[in-house]
Amino acid sequence: MYWLIFYNLKNGSKILKSFLISLSIIYSLIYLSSIIFNINLIKLAELFFEQSTPIKHWDIGDLWAFTLVALIGLEWNNFKFKNWLITGSGLIFLVLSNARSAYLSLALGLGYIVAKKTGSSKLKKTIIISLISIIAGLFIFSSFGKTTLFDRPYYFQSIESFAKHPLGIGMGNFKQIATEYRLKDPNNISFSIYTHNIFLEALSGVGIFSILFLIFLIYVARDILKENAGGIAWGAVLIAILINFMFDTSYTIPGLVWILFMSLGVFHSKQRSLYGS
827 MYWLIFYNLK NGSKILKSFL ISLSIIYSLI YLSSIIFNIN LIKLAELFFE QSTPIKHWDI
887 GDLWAFTLVA LIGLEWNNFK FKNWLITGSG LIFLVLSNAR SAYLSLALGL GYIVAKKTGS
947 SKLKKTIIIS LISIIAGLFI FSSFGKTTLF DRPYYFQSIE SFAKHPLGIG MGNFKQIATE
1007 YRLKDPNNIS FSIYTHNIFL EALSGVGIFS ILFLIFLIYV ARDILKENAG GIAWGAVLIA
1067 ILINFMFDTS YTIPGLVWIL FMSLGVFHSK QRSLYGS
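Its first residue numbered 827, the sequence shown is counted upward by one per residue in the numbering used here.
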């Protein structure tokens, strides 16, 4: 539904950009208020995010990563003072979130923008590349004391379980697989109710039927990579979101999934207007 709505909206790009900025600012204020005044605002946060999220950090860093990619991509040739204020605020919350997936999303999203907008000035390229370098530093710094990005035992658990459950165990039931491994080795502290990867989540959930989802991802990736005109900004947003979903559990948050399909609708709408398809 979100995909179709934003595909057919006349000013879908402008509306979604304003929505992302407004949502990021509103939830940042709610997040700060809950910390500074020690107020329980979980119910308010549930308007967009899931119940368990506010206890941690509402994935505010991921939301800001998507917003900043959209803002920089859309305003690349006309970056005003207010945009710098928004960008600065977003980076602050990125640091506060200490979310490596958010850093990675922002870096790759901006990298795509720089690669596609080859006609831009050297100054802008230097600024963005410097920003990516800073993000990379934050990523490395936030990794201390944590497992490395690819050291996720639930990745292998999901893949190994495919032989045992070729038709899947039902979406959202990865906890059953993780529990089986926990029972085999009680001393193993690696346990998660999610795979931290949206495709592997689908693989464990619906088995061979996840091939359809993989085909969908391949087609989306193909469209993004060949884009070289009006849809660059939203192609970058899609990259940021999909990369995020490949390395975190953010795909379990309804609001972020809605943003994925809103962005996909706007992206394809841009392609339709440019290429007539």
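The reader is advised that the hints may include incorrect statements.
In silico SDA-like links for lysine to any residue, alpha-carbon gap of 25 Å or less [what the hints assert, rightly or not]: (1) Lys1052 x Val1083; (2) Lys840 x Ile861; (3) Lys906 x Ala941; (4) Lys908 x Lys943; (5) Lys840 x Thr913; (6) Lys1052 x Leu849; (7) Lys1052 x Met1072; (8) Lys836 x Ser854; (9) Lys948 x Asn999; (10) Lys1052 x Ile1037; (11) Lys908 x Leu849; (12) Lys840 x Ile852; (13) Lys906 x Ile918; (14) Lys1052 x Ile958; (15) Lys840 x Asn904; (16) Lys1052 x Ile1041; (17) Lys1010 x Leu993; (18) Lys908 x Val940; (19) Lys943 x Ile1044; (20) Lys943 x Lys1052; (21) Lys943 x Phe907; (22) Lys1001 x Tyr1020; (23) Lys943 x Asn837; (24) Lys908 x Ile852; (25) Lys943 x Glu901.
Derived Cβ-Cβ restraints for the label pairs, each shown as a range [unchecked claim]: (26) Lys948 x Ile1034: 45 to 51 Å; (27) Glu986 x Leu855: 40 to 46 Å; (28) Leu911 x Ser956: 44 to 50 Å; (29) Leu922 x Met827: 28 to 34 Å.
Treat the hints as calculated values from the structure; they're not laboratory data.
Yeah, the Cβ is synthetic: ideal placement off N, Cα and C, and Gly gets one too.
25 Å limit on alpha-carbon distance, applied to hinted pair Lys1052 and Ile1041: OK: Lys1052 and Ile1041 at ~17 Å, within 25 Å.
Proposed proximity, Lys943 with Lys908 (alpha carbon, max 25 Å): 22 Å, holds
Straight-line alpha-carbon gap Lys1010 to Leu993, limit 25 Å: Cα-Cα ~23 Å, so holds.
Beta-carbon spacing of Glu986 to Leu855 - inside the hinted bounds 40 to 46 Å or not: Given a distance of about 44 Å, which is inside 40 to 46 Å, the answer is holds.
Outcome for the supplied range 28 to 34 Å, where the beta carbon pair is Leu922 and Met827: 33 Å, holds
Consistency of beta-carbon spacing, Ser956 to Leu911, with hint 44 to 50 Å: Violated: the Cβ-Cβ distance is about 18 Å, outside 44 to 50 Å.
Satisfaction of hint between Ile852 and Lys840, Cα-Cα up to 25 Å: 18 Å, holds
Proposed proximity, Asn904 with Lys840 (alpha carbon, max 25 Å): 15 Å, holds
Pair hint Lys1052 and Ile1037, alpha-carbon separation not exceeding 25 Å: Roughly 23 Å between the alpha carbons, so the hint for Lys1052 and Ile1037 holds.
25 Å Cα cutoff - pair Lys906, Ile918: Satisfied, since the Cα-Cα distance of roughly 19 Å is no more than 25 Å.
Proposed proximity, Asn837 with Lys943 (alpha carbon, max 25 Å): Holds, because 22 Å separates the two Cα atoms, which is no more than 25 Å.
Given pair status - Ala941, Lys906, alpha carbons within 25 Å: Holds: Lys906 and Ala941 sit about 22 Å apart, inside 25 Å.
Going down the numbered hints, you'll see the structure goes against 2, 6, 8, 9 and 28, while the others check out.
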